[in-house]
Amino acid sequence: MIRSFAFTTQGRVHSRNIERFLMPTLLADTNLFLWVDLEKPTADEARAVLEEVFHFHPLSIEDCLAASASPKIEEYTPKEDDRFTPYLFIVIHAVDYSRKDGRFATTELDFFLGKNFLVTFHEAPMRSVTVVEERALSGTMNIARAPDRVAHSLLDTLVDNYKPALDELSLEIADLETTALQKHSKQTLTKIVQIKKEVLHLRQIIGPQREVLSRFAQGEFKLVRPHLVPYFRDVYDALFHIDELAQGYMDSLTGILQVYLNMSSNQTGEVVKLLTLITVITTPLMMIGTWYGMNFHDMPELSWKHGYIAAAAFTLISTLLTYWYFKMKKWF
Amino acid sequence: MIRSFAFTTQGRVHSRNIERFLMPTLLADTNLFLWVDLEKPTADEARAVLEEVFHFHPLSIEDCLAASASPKIEEYTPKEDDRFTPYLFIVIHAVDYSRKDGRFATTELDFFLGKNFLVTFHEAPMRSVTVVEERALSGTMNIARAPDRVAHSLLDTLVDNYKPALDELSLEIADLETTALQKHSKQTLTKIVQIKKEVLHLRQIIGPQREVLSRFAQGEFKLVRPHLVPYFRDVYDALFHIDELAQGYMDSLTGILQVYLNMSSNQTGEVVKLLTLITVITTPLMMIGTWYGMNFHDMPELSWKHGYIAAAAFTLISTLLTYWYFKMKKWF
Amino acid sequence: MIRSFAFTTQGRVHSRNIERFLMPTLLADTNLFLWVDLEKPTADEARAVLEEVFHFHPLSIEDCLAASASPKIEEYTPKEDDRFTPYLFIVIHAVDYSRKDGRFATTELDFFLGKNFLVTFHEAPMRSVTVVEERALSGTMNIARAPDRVAHSLLDTLVDNYKPALDELSLEIADLETTALQKHSKQTLTKIVQIKKEVLHLRQIIGPQREVLSRFAQGEFKLVRPHLVPYFRDVYDALFHIDELAQGYMDSLTGILQVYLNMSSNQTGEVVKLLTLITVITTPLMMIGTWYGMNFHDMPELSWKHGYIAAAAFTLISTLLTYWYFKMKKWF
Amino acid sequence: MIRSFAFTTQGRVHSRNIERFLMPTLLADTNLFLWVDLEKPTADEARAVLEEVFHFHPLSIEDCLAASASPKIEEYTPKEDDRFTPYLFIVIHAVDYSRKDGRFATTELDFFLGKNFLVTFHEAPMRSVTVVEERALSGTMNIARAPDRVAHSLLDTLVDNYKPALDELSLEIADLETTALQKHSKQTLTKIVQIKKEVLHLRQIIGPQREVLSRFAQGEFKLVRPHLVPYFRDVYDALFHIDELAQGYMDSLTGILQVYLNMSSNQTGEVVKLLTLITVITTPLMMIGTWYGMNFHDMPELSWKHGYIAAAAFTLISTLLTYWYFKMKKWF
Amino acid sequence: MIRSFAFTTQGRVHSRNIERFLMPTLLADTNLFLWVDLEKPTADEARAVLEEVFHFHPLSIEDCLAASASPKIEEYTPKEDDRFTPYLFIVIHAVDYSRKDGRFATTELDFFLGKNFLVTFHEAPMRSVTVVEERALSGTMNIARAPDRVAHSLLDTLVDNYKPALDELSLEIADLETTALQKHSKQTLTKIVQIKKEVLHLRQIIGPQREVLSRFAQGEFKLVRPHLVPYFRDVYDALFHIDELAQGYMDSLTGILQVYLNMSSNQTGEVVKLLTLITVITTPLMMIGTWYGMNFHDMPELSWKHGYIAAAAFTLISTLLTYWYFKMKKWF
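Residue numbers (the working numbering), protein chains in the order written: chain A, 122 to 453; chain E, 122 to 453; chain R, 122 to 453; chain V, 122 to 453; chain X, 122 to 453.
Heads up, none of these hints are tricks.
For identical chains, the list gives no copy identity; a pair is met inside one copy or between any two copies.
When the alpha-carbon atoms are kept at most 20 Å apart in a straight line, the in silico EDC-like pairs for lysine to aspartate or glutamate are as follows: (1) Lys318 <-> Asp296; (2) Lys284 <-> Glu183; (3) Lys284 <-> Asp184; (4) Lys318 <-> Glu365; (5) Lys307 <-> Glu391; (6) Lys451 <-> Glu391; (7) Lys312 <-> Glu289; (8) Lys448 <-> Glu391; (9) Lys193 <-> Asp358; (10) Lys318 <-> Asp372; (11) Lys318 <-> Asp217; (12) Lys161 <-> Glu244; (13) Lys318 <-> Glu293; (14) Lys312 <-> Asp296; (15) Lys236 <-> Glu196; (16) Lys200 <-> Glu183; (17) Lys193 <-> Glu332; (18) Lys312 <-> Glu298.
Just so you know, these hints were derived from the structure itself, not from any lab.
Everything numeric in this text was worked out from a predicted model, so none of it was measured.
Generate coordinates for the entire structure from the input sequences, incorporating the hints supplied.
Right under this line is the structure:
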């Protein structure tokens, strides 16, 4: 699906759902800002817009259409033969975390940001894009609708959408924290290891993203007007904070794993303790019982008057002493 | 609550509790230094001061009012449309450690530091701020009351206040060190892991703070007069020292954990030793006892004259030999 | 085997299988681009071409002929005595992974890249080289056949060929993930450790390769025309992505190892549990049985009317209580 | 105690034990070099010298008098109001290791190094200072007695004094290496962990020290004459070597810990082996013994002529076979 | 022993075994290159040459004569008073590995490299030096005998000599790999830990060496003619490759250690399994045997006609079922 909008420099909506053949005309008008949003376009549609309307560099088109690219930012400046105007090509990832799968799903959003155009490309409907489009159209955004401004809004809402995913994750980790202390099952360990992997994955996603945003935040690009730089820095700070949270999650998970593994070996320790306890406590009785079960003809104790009582008493006292000894040693 | 003070360049108190509508006038007077302290203001009050009096950049206001921001420092230089004078926006965290929770609580302090004004913002009463205000008013500070000087005092007392928190933590770790060697309980492990997480957290708090202060210490900002730079370097050194302490705590905790985990497996080892000892020592008696408990009609030993004595003697001697053997091997 | 091609600057094939004595002539013609591919040449052939035709620096020839060199790139600029024109010497590694051996095999590809020549050297037939040669000859490459362009194609297909190796590895790791949870054998551990080593090895291979490509991607070399730089950056990105995958594999393997090791100690725990269970459950019977097996003349219980029944009942009830107790404690 | 010396530029001793009121006069004479050594001075004495004679910057005085500062170097250049001449303020730590406590004690030495003065400050008598003073007075130092030269001598002897501490430590570690293999006690582990902490501590001490010295070694300071720079580089190299040794100790300790922990679990393994061995070897006898201890009226074996012999023989043979089996499996 | 050679700029040998008093004369002749090789000289000899002939800086002489210095390179440029010409002082280490000790022995080689002289200093005969001397004298080196060229040859053969040491080490590690899987002895662990320490040591040796060579490889020194730089880069690459190998060994050793430690705990697991198996399998017999060993007067089963057969049958069947159950669970 292709959505397209043209805004005047005064920020009013000039036209919508622009026919493809009209785009080059609007694009040539420097008083207009053209935003084309390609949502799951067919390969033909995509090529028609990216190649024929905007004449983007083949490499950026290839990256855009490829299944998965790492977050990055590249500046394209036209050489003599090139028919495009300077633009930034940005790949950025939105994340979504579903507790059911226990996996982070990332959705890729590609930007082509030019002086008076913005092309966004994504393979599935994206909340961030929808929200920004609505805001742009409804006029609640009281700043001029310029490409760099819209790009900032997109990045901002996109990074904001990391929060719910992290909250989900945080709940999951809190759950694990209690489970790890209570139940010792293979599932718990697999879960800890898997979430750890996911957080590592998340940090791997954030890493290049931070780099992309830090370049915006340092005002490296001429296509972004200087007075917008603090806004991009703000987005960068938000991402930095998310990375810090993720680092905190890693530390928590390492702690949980340590507790879990110790609990596991502790439990074996407890079982061995019980075994030893039972063995030790029954030892006096077993010894006396076995000994006087012998069939020697001449075992004087057997015919003593109080022999049996004595044996029973001895057994009882030894057992109690043993019991008391372990009690004193705080074995149970 | 809003507290406000105006000082003359000679360091005398010019006025206190200034009405909001008067602030712009005082601010325009370059012979005066205006300090506005916003302690848990309502959103309206805050906006009134930050926006209408000082015309700060919307992003710094947003960061200031937001629930939690990472420590950072940002330099705002006015663009043509902006109505503010150049200022530094600083977010810094005070820490507090309560042994009851075993958690570091951080309180955020936001600064707006300009040529002749200082705006401080915090959500709860802060000891550092109170102390510096008292000193500024009571005249015990014998240096001119300039914004950069007051900012230094605030940072200095704030970093000084890290010490008690670290002392608490240090006591806690010393406690753990003895506990880990004596008692083996799930609580000890959980405690070690949790404090480790807290120290990691503390280092995460200190990290960006150090960066902020190192920029001051390098004299990067024009709003801070050069002769004050060594003082900021001093605060930086104090924070550096705290970070080193925290690193030392981490090492201690890693050591404690290792000792604890080894003790845990050692204990199981001891229990198994006991089990083995009991089994081995009772073995001769059990064998003899069981053997001569058989009911074969024709067991010559049973009717031997000294059969029973011989059996008893053999049992006793074997047991003693076993006992002596383990004693020699230093099992107990 | 030596294959050689000359292309005109218009991209047409000028000649093939050029006699060695003709090469210097063609090389002198700046309107031609000469590509010599040395596939497992004899030492004499190699020296003849590298020394006598191209007069390369002895060190780069030595590196080229040596058994194994690390990936690297070196720029050779002629000094007064030297008879070569400026060239880049590049060593790059293709990887292949065979599941049978569980090992990454690397094949070395050496390039000499000059203004109007390209010499490739490899000890075995390489898919990347064959593919690029075919494309160059068949005319499907619609861009001018220049040395830097062909070098890019070679690097591109070479990095593309990492993918199948990684896919193999990925399958292997997925297999291990399930095996680690099910079967506990020495082989599994050896396998995990071995694959971990291989992934480390892969990352060690990629490391210097990334460095080589990053220098291309930054447009450091004058021999590569500026408009090709984005294409090299693309190859760099692909390699970067592969490195990220490898990092992900490392994390997975670390997780698998942790699960495996825990399973191992868990299993021992389970066995000890069973031992304890059996011991505890048989304890009542053994105690009663041993006790009433004593031969004291005067054991009143033995002659009680319901003595046996009572003993049996007591045994049964104790056993059942024990059983119920452990059942309740979720031991089985 | 305050010791003070004045040397002429020719290296002769001009005066000793200079009255405080005379110091400013001597200091003003650029043909003299004044060395004031403050050994555990009272706060008043210290302030009198540092403030009133030398007019040092208040911050460096504060750092000097404070209980503990990290090693550092700071360059103070006078601003218009300041009455001091340019100087370097250096904090450096001597270490001492006592095997009794098993702890590194650090002693702080503070320097104020100016064009023609040197002020040293320490809280306890220091061997390095005494040695250098003696050498300076006795005339065995055949180079001119200049402040930078004396500073070098102080740093040199101070770093030299690290050696004995490291030798002590090295002996301790060698001891541990043998203990860890022989005796398994809680003390050994605690010792390993504690020494590891100490070595970490030592490296933490060396870290900032190295930084201080590397700045000298790079000839960063104008107060140090260029031809002395190689000498400072030499001190730096010595410290670098010490750091390498400490790194080596860390690796040794990690190895010792691994051996120790493995020994610990090995020992439990051995105990379990013994338990199993005893159980297995006594099993035939216990089975036969228990079985023929049954009181069934009709057990034909009991009345067989050679029943008892057969049972004994069977028991003996089974036991021997079991014994032989384990012997063959190399269990003992 | 002092060996000395003078070569003409044409590469012919001018003189050998030069008397010490002649050296300054030869040194003054810029058409000659003087190489003095000090092999285990007495302190007097060494000082005579280094101080009186070459007038080297006292610090480099001290470093040279000191027992052990870290690899380093220092550039000495004469100050006004100095009588030496500019030279490089280089400390480099050769390694040797003897399988008997399992230790890397390092031999130190010190160079003084000047415009027309080279002084080498070593405490023991060194293969690299001997080889280079022979080559220089026999005329097989067809390049002019210049100091920088000879220095390169020395470094080259020295780094080449690392290979055999590494091959020894590699064999050792391969041995360990098999041993670790087969035999579980304290010796194996000690060996693994010790070799790991050695490899760490090797990397510590290589580290500063790489730094020294990388400075050569970057053409930092004017005393090395530019056209020799690629040759030094080649030596650097060789060392880099060795470091990579060492890194690979570390990874292997970590893997071996993991396998070993797991095998150790696995073995205990196996033993416990056996114990449990024996206990469980003998349980039915022990229960029946003990039960019917009771002496109750009225135990009806004892007088049943087929009581004994029934008991025996029950025992046998239970045992077989247990046996089958564990067989099915793949316990053995």
